[in-house]
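Protein chains in written order, with numbering that gives the first Met the number 0: chain A, 0 to 100; chain B, 0 to 166; chain C, 0 to 366.
Check before you lean on any hint, since a few could be wrong.
[To be verified] Straight-line alpha carbon distances no greater than 30 angstroms define the calculated DSS-like cross-link-like pairs of lysine-lysine that follow:
{"hint": "1", "chain 1": "C", "residue 1": "LYS27", "chain 2": "C", "residue 2": "LYS346"}
{"hint": "2", "chain 1": "A", "residue 1": "LYS15", "chain 2": "C", "residue 2": "LYS159"}
{"hint": "3", "chain 1": "B", "residue 1": "LYS106", "chain 2": "C", "residue 2": "LYS159"}
{"hint": "4", "chain 1": "A", "residue 1": "LYS96", "chain 2": "C", "residue 2": "LYS222"}
{"hint": "5", "chain 1": "A", "residue 1": "LYS12", "chain 2": "B", "residue 2": "LYS134"}
{"hint": "6", "chain 1": "C", "residue 1": "LYS79", "chain 2": "C", "residue 2": "LYS33"}
Simulated from the structure, these hints should not be mistaken for lab results.
Listed below, chain by chain, are the residues.
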Amino acid sequence: MRIDKHPVLHFEKGRKVQFYFDGRPMTGHEGEAVTAALHANGVMVLSHSLKRRHPRGLFCAIGKCASCMMRVDGQDNVRTCILPLREGMRIETQEGKGRLK
Amino acid sequence: MNYKQSGVLTGEELRLPDNETLCRGKTIIIECVENIPCDPCETSCPKGAITVGGNICNLPKIDYTKCSGCGLCVAVCPGLAIFMAEKSPKGDWAEITIPYELLPHPKNGERVITMDRSGCDVGTGEIVRVTEFKKVQKSRLIVTVRIPAEDLNMVRHFRIAEGNHEQ
Amino acid sequence: MALKINKCDILIIGGGPAGLEAAYHAAKAAPGLKISIVEENFLLGGQLIKQTHSFFGSKNQFAGKRGFEIAELLMDRVRKNPDIDIHLQTSALGCYEGGIVACESMAEGCLKEFQPGRTIVAAGARENMAPFPGNDLPGVFGAGAAQTLMNVYGVLPGRKVVMLGAGNIGLIVSYQLMQAGAEVLAIIEGLPMIGGYHVHAAKIRRMGVPILASHTVVRATGKSTLEEVEVAPIDKNWKIAGESTVFQADTLCLAVGLTPGTELLEQSGCRMAFVKELGGHVAWHNDRMETSRPEILVAGDVSGIEEASTAMLEGKIAGLAAAEGLSGLDLSDEISRAQQELAGIRKGPYGEKACLGKDKLCKLSVR
Ligand SMILES: Cc1cc2nc3c(=O)[nH]c(=O)nc-3n(C[C@H](O)[C@H](O)[C@H](O)COP(=O)(O)OP(=O)(O)OC[C@H]3O[C@@H](n4cnc5c(N)ncnc54)[C@H](O)[C@@H]3O)c2cc1C
Ligand code: SF4
Ligand code: SF4
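Excised from the complex, chain A in its bound form:
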């Protein structure tokens, strides 16, 4: 859910761009955190715990926990909460620990 009116803040958003989440096209604003764009599109589950496969979502939003690690344009283990969104980005939920490239 995007906040359209706020009593204190005025949000300066980048231009609208398309990106892909697990192949699905979505729109977000250039330069916002990838997790913010995902959240605005209703995507809450970003990864799964390794052993029990519990769904995991955004927790710290400042790059200090591992719950938002995803595959971005083919690269695994990217902390998407401190990654700015760019046009055409391919974001995928990552299975397991990921590979080193």
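Assemble the complex: chain A is given as a structure, and chains B and C with the ligands must be docked to it using the hints.
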């Protein structure tokens, strides 16, 4: 329950101004009872009516004889802890001025539901003044609500009844 | 991965209020020193950019201004200074022998190596977890994360929120959630008392949000995201002491404290100490923010959890101390003025904890 358990001040901590003071005109009420490190109420008052003193953690004190009722301190206080009250000498109405940072913005003449320090409805009131001190604090409205005199010590917030407000 | 060598006199790790102030004051006091800031995020300003409430303090600490406005001011004066260069999306990975600091630049896809005369670690803190089943469900956020989503990006974390923790962060974030259009169903506090400032509690109470002291979250449940939060009263020993209430909520925010992010300090061999009052393990430091390793200084939440105004002053002190050491200038007057200002804002009952913690630290020996 004390205010540290409930988040709500009661008569004891408050030391509200007496009736005579309230009837004399605009009366500042400072609901800041802890020694927090803060002093903009003191430094921004153009009349020097509020004193915190050398130690920034002292409690602010108001001198009613110096205060002009300009309302600047209501806008400045970062704790939203300063209010302004006034009572008609005959006791047929009262006004409470409240700092307000929510949407939608209230408008003059609008009827609102008044609330007390714990968020319970008290009754109704009418918005009589909406001002802003843009230079000292952006996006904080200073809203005066006219209410029944007997509600004066209770009302500290209000809400705009649903459906009452056209955007 | 390619390697770039960077030259600088002072390296600052972390671009929050502490790091920004360290850079600004070091550059101002000793013009000509070359200063670099590395910041992991793509935004500068640390936790300050998401604070929309007005700050306390006095004029020197920008009292009355909203946090994000203060952040703009601090960023602006750092950006304007040609002696300071800023490396965004750059994580410090380790401090090695000879003062070498290795960083990964995510923006440029390379490693950057710095060999500064002084390093100021101002890496901030991270939010604590609370132990209950379901605490890993999507929809359970650190309160600061919810604040980042709504105040930095304009995205509401959810519509119906339960907040765990009635310290300043829990109270402030609850108020900000209401401002952004969410509904806060309740603030839950394990202790019998509200920990944050009364003025913050009063603001949210008069909007009708209940604060349940001596309560805790028993569990969070939901299929793939949060749906329900079970809350129960507890006694002094944190044992369940009554019937629970279930809130239908899509968001649960945890505001149960912060832990200093000291990995780099520990790794670099600084002497560490556990000081409860400062939030856990911190690097030993003196009142000039110098650690046991002469070329490493600390400032802000990483040196003990406090707040932005103290972080700024600690940053200033660290920046000045580092500049003094490298330039040979005598900056002791300026340093002691900043120390006095810092002591001033720690004077009230809410500053007691930090004072106690910093005192404990000073009493320990360096080795
Ligand atoms: C939710 C919340 C509400 C708060 N409310 C208030 C308030 O009302 N009033 C108040 O005074 N204070 C408040 N604070 C506290 C205040 O924001 C912090 O005390 C202050 O921001 C600390 O400043 P800092 O510079 O030490 O750390 P931070 O602001 O956390 O900045 C640290 C920076 O370092 C970066 N970093 C970390 N590790 C690395 C690395 N390895 N390499 C490169 N960069 C790194 C981080 O990305 C971050 O930008 C609040 C804090 C939170 C979380
Ligand atoms: S109303 Fe004006 S004169 Fe009176 S205390 Fe406040 S700022 Fe000072
Ligand atoms: S400005 Fe407000 S919060 Fe600060 S000391 Fe004055 S009354 Fe208290």
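Taking the hints in turn, this is what the structure says about them:
1. C/LYS27 <-> C/LYS346: 28 angstroms, holds
2. A/LYS15 <-> C/LYS159: 28 angstroms, holds
3. B/LYS106 <-> C/LYS159: Since the Cα atoms of B/LYS106 and C/LYS159 sit roughly 28 angstroms apart, the hinted pair holds (cutoff 30 angstroms).
4. A/LYS96 <-> C/LYS222: 24 angstroms, holds
5. A/LYS12 <-> B/LYS134: Holds: A/LYS12 and B/LYS134 sit about 26 angstroms apart, inside 30 angstroms.
6. C/LYS79 <-> C/LYS33: 14 angstroms, holds
When held up to the earlier numbered hints, the structure conflicts with none and fits them all.
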